[in-house]
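Participant: Spelled out from the first residue to the last, the chains are:
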Amino acid sequence: MQLKRLFIDKINGFWMITSLVTILCLPLIIGIGLYLKAEPLFGQQSFMSLVFSSQWAPSKGEFGFWPFIAGSLYVTLLSFLFTAPVCLLAAIYLTQFSSKQLIRIMHPVIDVLAGLPSVIYGVWGILIIVPFVSDFVAPFFGTTSSGYSILAGGIVLAVMCIPYILNMLIEVFNTVPSGLKEASLSMGATKWESVKHVVIRGNYPGIISAYGLGIAKAFGETIAVMMVVGNVVKVTANPLHAGYPLPALIANNYGEMLSIPMYDAALMFAAFLLLVIILAFNLIFRYLIHKTKRQ
Amino acid sequence: MSLQEPGIMTQPATLPETGEKKVTPILRVQHLNVHAGSNHILKDVNLEIPRNRITVLLGPSGCGKTTLLKCMNKLTDLYRELNVSGNIFIENDNILHTTTNIPGIRQKMGLLSQRPYPLPVSIYKNVAYGLKLKGVRDKRLIGFSVEKHLREVGLWEEVKNRLNAPATSLSIGQQQRLCLARGLAVKPSIILADEPTSALDPISSKIIEDLFKDMKKHYTIILVTHVLRQAMRLADHVIFMYDGEIIEQGSPEELFNNPQTDKLRAYLVDGN
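Those protein sequence lines, which keep their order, are chains L and V.
Per the numbering used here: the first sequence = residues 1 to 295.
Per the numbering used here: the second sequence = residues 296 to 567.
To be clear, the hints were calculated from the coordinates, so they are not data collected in a lab.
Note that the coordinates shown come from a computational prediction; the quantities given were computed from them, not determined experimentally.
Possibly wrong hints are sitting among the right ones.
[Said to hold, decoys possible] In silico EDC-like pairs for lysine to aspartate or glutamate, Cα to Cα no more than 20 Å straight-line:
no., chain 1, residue 1, chain 2, residue 2
1, L, Lys100, V, Glu376
2, L, Lys100, V, Asp372
3, L, Lys191, V, Glu376
Taking the hints into account, I'd like the entire structure generated from these sequences.
Facilitator: Laid out in structure tokens, this is it:
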């Protein structure tokens, strides 16, 4: 009897570790798979030239990924700039100032935003944001734009990221004990001073995690961005011009990847780059969280 | 002297006397009622808090002691569901009906809560926080004040070599003394202590109690407790509450030796 119990104990321990190791190995297996598929490309071009060259002519065998990497980073940066302050202020208002009823109303709104398929955001972007950019934003700056632009991609992405960042920020701010806020107020702080010193400063690690999650989500988002961003291979600093992010490159071309030599390896390399950049983002945010936690 | 109408309380609020001179009240509460929906939390509370004394609000859990304390520094404003009416005078300001300079009113009172809530910054910055809010920028003055108040609560020797360590690295008893020092730094005249020793070990509790005995020279202390022995050790003036009402108030000798009501008599028997 005793032996059987010990045996079951050992067996269950084994299964738990096996499950965990499988999950831990998944990114590694995907990464290695993508790398092996992309490897033929390395015989043709150096890694640096693949990443930093802007020459993109698959039929001539020229694969420079910089326009796609820059496009992805630009769209992600814009979306982050739009969404980060809005989410922070909204989360502070919801958790610190608003009535409980408003929070009860907001939760389903956030869930609906999070649950909408990205193609709906894409259609909304084409119908609303693209004309808005071409008819209002571009003329405002004295220029013209088709509307299919990095700016449009950034706006659509920003809206898509809101539910993720907002939800996590609300969770983070709800963990602040009311006693701490009362302590700050009782020392003569105004409500805003208490929010600044207690709610925001005390939660840097949580705020950074929320933003990290949002950025990772934005960087990998494919369909909605692809629908509004223009998909033109070119490096530009002007957000009113079209761009071509990495995920859009893969999604647009995987159907014809076997028709051009090395094209399949190039698309696999694009996927590998995505994986590596997302991993790098993750490491940077882990480091920031660790650093703010120590303070 | 007393502004209370006769017949409202079971026993008139008499303040302790020192020699021939009667102690002037620093805080007066008149006809204070607090409702939360249909729940009547405080029922026509009338009392006076004597200056430079320890006044103990005694009563079982849930009798409204903490709510009464929160009315005094307007933390009740944070709870929309609470409906507060009546008057609370500090010196001669009716604070309950003031909407301007609420931070200024709160700075007249230091709050010590049931659990210590150090701010998520260093030990030094915790004590400096109140001064920063007051707009003090002079680093020397802040440093002087931090040392003075940490000494006042007997914490200086224990933390002087790690002032920049996070406040959360202190033991819970030290944290509570830090919170007291932090409250003293804004120069309050009243200390509101809401069961400040309930989360502490007996040694830390005794340190806090001893501090209170010393501090009453300079501050008026209002101590909420349900621990009868603590009330007996510290109180100069006792207010016994039950179910949102003040049942009896007076000197500890009067209340503890000669209780007038059954409720207090039962509490004294059970508490001992």
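Participant: Against this structure, judge whether each hint is valid.
Facilitator: Hints, verified against the model:
no.	hint	verdict
1	Lys100/L x Glu376/V	holds (11 Å)
2	Lys100/L x Asp372/V	holds (15 Å)
3	Lys191/L x Glu376/V	holds (18 Å)
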